[in-house]
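Peer 1: The primary structure of each chain is shown beneath.
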Amino acid sequence: MLSPQTPETKPVKLSVRNMDFRYGEKKVLDGLSLDIHAERVTAIIGPSGCGKSTFLKCFNRIHEISAPVKVSGDMMIDGVDIYRGGIDEVDLRRRVGMVFQKPNPFPKSIYENVAFGPRLFGVKDKATLDGIVEDALRKSALWDEVKDRLKESATGMSGGQQQRLCIARALAVNPEVLLMDEPCSALDPIATAKIEELIVELKENLTIVIVTHNMQQAARVSDYTAFFWLGKLIEMDLTERIFTTPRERMTEDYLTGRFG
Amino acid sequence: MAAALPFRPRRLSRLTNRIMHLALWGLALIFVLVLALFIGSILKQGWSVLNFGFLSRMPETLDAGGGIKPEIFNSLYLVALSLAIALPIGLGAGIYMAEYAGQGRALRFLRLCIETLAATPSIVLALFGMIVFVQMMGWSFSIRSGAVTLALLNIPVITRVTEMSLMAVPRELKEASYGLGATKLQTILKVALPHAATGILTGLVLTAGRAFGESAILVFTAGTNTSQTFPDFRLTVPGETLSVHLWYVTSDGTLPDAREIAAGTAAVMIVVLLALNLSVRVLDRFIRRKTR
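Going down the list, the protein sequences come from chains A and B.
The opening position of the first sequence corresponds to residue 1 in the working numbering, with each subsequent residue numbered one higher.
The opening position of the second sequence corresponds to residue 1 in the working numbering, with each subsequent residue numbered one higher.
Please keep in mind that the hints were generated in silico from the structure rather than gathered at the bench.
Keep in mind that the hints are not guaranteed to be accurate.
For the chain B half of the interface with chain A, some residues (derived, Cβ under 10 Å), not all of them [unchecked claim]:
(1) A168
(2) P170
(3) R171
(4) Y178
(5) G179
(6) T183
(7) K190
(8) L193
(9) P194
(10) H195
(11) R281
C-beta atoms are modelled at their ideal positions from N, C-alpha and C, and glycine is treated no differently.
Given the sequences, and given the hints that come with them, work out the whole structure.
Peer 2: Right, dumping it as structure tokens:
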């Protein structure tokens, strides 16, 4: 068990112990153990194919929609096992929201995109919906840009706006955790900066786990950083420490660009 | 001195490119010309026969001057009935195959069944319909025998189109829906089906067109006679359609003006089919604007 040595005041939100993930015969994740704290941003870095995206998707069981998967070990949210604790995966996904690599707004209006989630859970009242939509768009710093064109199609927005809309859509169902799978990989630097700013603001009352290819991004937005390599957790610590004085030689080599 | 590069000269590939472009354009042009000639000649022959009287009179059995009023009604009525039967079944089967069946042996078997049904010649379906519905069930030559047998022709097409359209829904959109806590059914109803709607609709109109033009099945199940009242919505009366009428008057040969009636009937069918295809374009554009 690798854990940071400074005292942490925030409680553990997600906890993983000896977790393996198999895809068919292949072991994609091997013996992972780590804790993710509430109201903190945890970044997961590592070279392509190290299993970081797969790991992220285990938290909301979204990979189950395409193929049956085998997860062993423990993965817990608030101390309840995600796979064996009797949690309904549909309910889990409401609590653990996700922002994907490529912005994926529905081909509907901006308003309908954000209202989609609340509608799933039976919110029908117009005034309530309006309130939720405005609140979510404000939180994702999009309200001022779109308040006059809520009825317009979301597919006509810029990539960065689409991604912030996807964040707003995820926030509209009031999740406890937000998983972000390389949310800026399809965006230009300005749009990326806006999303990064947003991430820092959002952690006020949200647990954020972000997978990123971009080490500078991890350094800028995260409190903790975990370094994955070939399906194994090599090291996890305060971001500051990972980037200045990593304990593992491999982490240092990766961060300085000697491999990866 | 620079060594010669081992590349082929660009001019040659540019020439092939241009020739291919021209050839493909020529093929498309030939296709359009053939279609235009075909439709033109049918409309030209039928034009002189086409008038309000022809469309609004009852058909004659021995004398010249018969109309095709009940045949128009029967054609539309049978298409509507057969689609009403085939749509829920085809849509349901298509949704099942695309979203629920998984990738197992059962799905492959089901797909084989659907494809076999789709590839069955309509004359074989016609005989099946006659034996089962007309004779065994005792429905005789009637609208209901015709509609049910015609539905057998439509079901595999609608199933396949539904399955294909649902498979083409981007995975990202489904993930977005699941990611917000949607159930499978909610994802299908709110994301997948709206996205697949234009594809399904196009398939539906193609199916309607095929059913509208179908003759073999209806000769053996709906018969070559028509009710003497108009409009007759009863399911138990025989219902000769336009295409059956076209075949019957030319092959029976008792009518002195069989040629004219056949030409007029063909023209009416072409006009209806053109209108059908045009309306689906308009509808398609409308749905696209609403959902994308």
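Peer 1: To test your reading of the hints: which numbers does this structure violate?
Peer 2: 1, 8, 11
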